[in-house]
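K.L.:
Residue numbers (the working numbering), protein chains in the order written: chain A, 1 to 618; chain B, 1 to 618.
Be careful, since some hints might not be right.
Any copy will do: because identical chains look the same in the list, a pair fits if it lies in one copy or spans two.
[Unchecked claim] Cross-link-like lysine-lysine pairs, in silico, BS3-like; alpha carbons within 27 Å at most:
hint : residue 1 : residue 2
1    : 511       : 501
2    : 180       : 49
3    : 602       : 508
4    : 390       : 340
5    : 561       : 390
It is worth saying that the hints were derived from the structure and are not from the lab. Predicted model, so just to flag it, every value in this text is computed and none were measured.
Number of protein chains: 2
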Amino acid sequence: MSYRYAYNTRDIKFILKEWLPLDEVLSFDRYKEYYSKDDVDTIVDQVRKVAEEVIAPTADDGETIGARWEDGQVYIPPSFHKAHRFLQDQGWGASNYDVEGEGALPYTIFGLLWEMMSAANPALMPYVGNAAAVSNVIRLCANEELQKKFMPNLLSGIWGGTMCLTEPTVGSDVGDLLSKAYPTDDPGIYKIKGQKIFITVGDRDDVENIIHLYLARIEGAAPGTKGLSLFIMPKYWINEDGSFTDNDVQCIGIEHKMGLKGQATAQLVVGENNNCRGYLIGDPPDENGVGQGIMQMFHMMNEARLDTGRLATCVAANAYWNAKDYGKERIQGRLLTNPKSGRVTINKHEDVKRMYLLNKATTEACRALLAKCYYYEDVREFASDKERRKWAKNKLDMLTPLCKAYPSDEAWGLIAESLQSYGGYGYCEDYPAANSARDCKIWSIWEGTNYIQSMDLIGRKWMQGKGAIFADTLKEIEDFIATYKERGYTPDGQCPLGLEKEMEHLEKALKTYQGIQMMIGGYVQSGKIGLMAVYARRILTATAQLYCGFLLMEQAVIASKKIAELGPDHYDYNFYLGKVLSARYYLNNAVPNVWHVADLIKIGDTSVLEAPDEIFDY
Amino acid sequence: MSYRYAYNTRDIKFILKEWLPLDEVLSFDRYKEYYSKDDVDTIVDQVRKVAEEVIAPTADDGETIGARWEDGQVYIPPSFHKAHRFLQDQGWGASNYDVEGEGALPYTIFGLLWEMMSAANPALMPYVGNAAAVSNVIRLCANEELQKKFMPNLLSGIWGGTMCLTEPTVGSDVGDLLSKAYPTDDPGIYKIKGQKIFITVGDRDDVENIIHLYLARIEGAAPGTKGLSLFIMPKYWINEDGSFTDNDVQCIGIEHKMGLKGQATAQLVVGENNNCRGYLIGDPPDENGVGQGIMQMFHMMNEARLDTGRLATCVAANAYWNAKDYGKERIQGRLLTNPKSGRVTINKHEDVKRMYLLNKATTEACRALLAKCYYYEDVREFASDKERRKWAKNKLDMLTPLCKAYPSDEAWGLIAESLQSYGGYGYCEDYPAANSARDCKIWSIWEGTNYIQSMDLIGRKWMQGKGAIFADTLKEIEDFIATYKERGYTPDGQCPLGLEKEMEHLEKALKTYQGIQMMIGGYVQSGKIGLMAVYARRILTATAQLYCGFLLMEQAVIASKKIAELGPDHYDYNFYLGKVLSARYYLNNAVPNVWHVADLIKIGDTSVLEAPDEIFDY
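Extracted from the complex, chain A is given alone in its bound form:
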């Protein structure tokens, strides 16, 4: 079959060693005794090797064998069992989220390692990672007894984990879910009844037990999301002596998906025999019927949102690197600029190079955005200063919708361009592009559709702290531009770094973005709130482009200095040149979309809002 791992680690090392303030992170009590910056290369190289040698060889099995359902049990490819066990045993799995454990890697580093591993088989990684995320919710929200009961086996990967939100009749509107929980005579233990669908790795045959985090409404609680509670609902009930009893959690099937075929997407029927029990996390609903469930689940959802963006990024990046490897070998056509020089490999053609640079710049933009968030995760959790922790939390909250939606929107177009660069072979499953295209489409949908993310950004995040938190991030960009100008940038083009035009575009994008906020505010005030919805997804894209443009410019400034230092004969010269060219491409081609979107919003087209349902019959 076709899977091929083509990941390059250089940008990841650059992010960790030259761009992000990793020193700050490594100075936190949590990490200071374990790691120094010098370890980065070794760790990254080691995980690159694991990804290539242990994970990547399992990817084709996901496609050819796939996840299989039979008589209430899901079977996953045997090679997945082995790879999962290897990662857990070698410390590359859930154990990294053990805050009690020694030597866990910083999120800043581990987030990027996870990207490398995910690219090697995106279908496999939730089998590994979801247990950690479940454990994390239990750590943050459940009592010590439950922590002791569940966390060790989740963190060692002996048990798996899932998050159960979606039901046959609810998805985006999770507050309408029908799953019910009823108190039992045992305090904290509830009977649960309901159905869930689209449960990622919701059943499997390679772990002893599966610990579902199950969202349900306790009888009598308030309607809507606020009335929900969260339960630890194991597939098998764990008796006092450690033995298991069936817990009436039935897997009644899995979905037949366009891609990610090794990843079981399960339908669960729970408590059909009135025999399913779960542990309530935290307190029961208060006197107003308000539960803690949705806020607890958000710990896992926010993590899953970052992970979704990371999956989209790494699959697109891997598709791109595969495409350029193919392009080096495949001879076809002559250069437009020099047709007489004879046939060339396709990587020489202008339009093919455009596809590559589009992919390179955009995947680097997504990686930078995500990496910034891994850094904020560390600061939020482990900085000694409370204010700084809060600052990081705010940043992270604000960037999360961008992290989820922007890469997963872009991936579809990016992979299409990688595929296109193969010519007809791109459409053939013997080459890796088609598989990546099929895999990536779910990520714009799950974990809150990209529209949900957009409304989260505009309807909530813009307003948080009366708008101060968002304004603070725009200020960051403003300050960056100002600093750059002070250091020698002048409008007449005297900046030594040669990025005047790009900096102008960043500045123009920032100004027009502030205009977008004003216009949307105006529409809302004048009763045209529907226009906010109509433009929401385009605004999210523009937001990400503005912010990523800033990040790539930060990186380009560092790279420009290195270029001047190293000179063209240095082995690392082309990497830094590539960073500058990524920024230039992105600022000259993607960032101008910010003012294009502003233009569109100014038009304020109401055709969507005026359209009666009936016109869509034609």
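Following the hints, put chain B in place on chain A, whose structure we already have.
P.N.:
Relative to chain A, chain B alone:
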């Protein structure tokens, strides 16, 4: 399985009866005795029924059974055999291209009927249509003897047909192909030797014979495309008595594709036993070694390019109509503008309506573009006035790259939005969206990649007739705007049709488009020809958006008048309202991309051109 035919015919009837000058076409000698405008509804309805009842039920077999290769023979699903035979026998197949035959439908009508049929099973239709296209080349380019020998069985669908261009080492650069032809003692008959790949419907088990149009170089002919000749190369050689002899055309395998699995994409090895013969079409290469092959093949390629755009359009349109049908049933969430009114079906949500209107407007734009070309096909071939025939040919030549590339570029994004509107089910193969997404991706690649189309537009079509032909089309748009203004449009907004803003956008797009031509001209003159390549695909998109914006505005003007006439209670009111809203959406959201692209070109980013290959390793 998942296939579902959801086609609506109303826009097609509108195009034929109210928009295009069908009366002119029906007045041509070729048609005047057979059809009147009154027949349109009946014909369209009948073919809609055939598409739904005969063709659509075969679509799932394409996915589940697929095309299968075994021991040198391709087997296609049995239901494909039946549907193919039915279409040929009932006059909906190749026989419509029989210019000798009576009662063939005008291209203007048949082109739209073919769209409806293709949507019902896009994998099936080349089995039906390619024979007609081969027959057409033979009619236009081959001698009478060959016409008599091959055309009848091609036109009745007793034999199939293909076009053989691509080889393992050549695709876009067809002039480098390695297939060779050697004269024999029989005049006009050559021995052929070579390999071909990606041959659509290149082998099959439902016809007596397959007539390949095979591009090869006669020994001693000039290098490059100009040295090529075209051969009629039957799978089985037809003896004088009508019996067959094996012609040494071996099918050695078919591709495993992302979609269109019922459509055999064959690898052919020809003349391996030195025993393959073909008939040369036209004359052997002249004294300079220049053959007639590529120009002959272009008759079929240009037709195939229109067909490619049509396939992309109809698959996107069918995906959209399926999505909106789903949206009527699926209840989820509350309205942003009226949350207290309770849960609603998803087709009520602003962002879902945006997805629908984006799809509706864009597929209508593509359909209008293609339909205009079907009309030009009729005029080119059957108008009595020679100048008018030439005029139509020029228009058609110029629009062909748009027809091929714009719909096939858009389809990927459009279908993704249809898929997105289902939520998670969109990613499941039990619903029709995923299948459409997989099917559509090849169309941006085959029949000349969309980059090839873009360079054809900019590098050739812009310049044809010293630029006069292209300028004439821009003039058409200018005249339309002027006429509209005369009829009551004023910049202060007094136009009774309510499309002032949209007309302004069309005008602005036209002006900025002329600016794009100037800028590209400037870049070429200043030695920056590479920038033409870098922006080529975006320019093609902008060109199509400008032209389609014009076409949708033409349609909206007609529809606006109907709205005023009919009033809101008329059963057809919503169709016309939809036409106006499509135009408004398109002019307010797609057409502004023309000036966005102009902005980007003005930036003149050279990062792609400056990038050395080595940066793409990172």
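K.L.:
Now tell me if each hint is right for this structure.
P.N.:
We went through each hint and held it up to the structure:
Taking the shortest Cα distances, residue 511 and residue 501 sit within 27 Å of each other both inside one copy (15 Å) and across copies (25 Å). In this homomeric assembly, residue 180 and residue 49 never come within 27 Å of each other (Cα to Cα): the closest approach is 46 Å inside a single copy and 47 Å across copies. Proximity of residue 602 to residue 508 under the C-alpha cut-off of 27 Å is found in both arrangements, the shortest distances being 16 Å within a copy and 15 Å between copies. In this homomeric assembly, residue 390 and residue 340 never come within 27 Å of each other (Cα to Cα): the closest approach is 62 Å inside a single copy and 35 Å across copies.
Taking the shortest Cα distances, residue 561 and residue 390 never come within 27 Å of each other, neither inside one copy (33 Å) nor across copies (60 Å).
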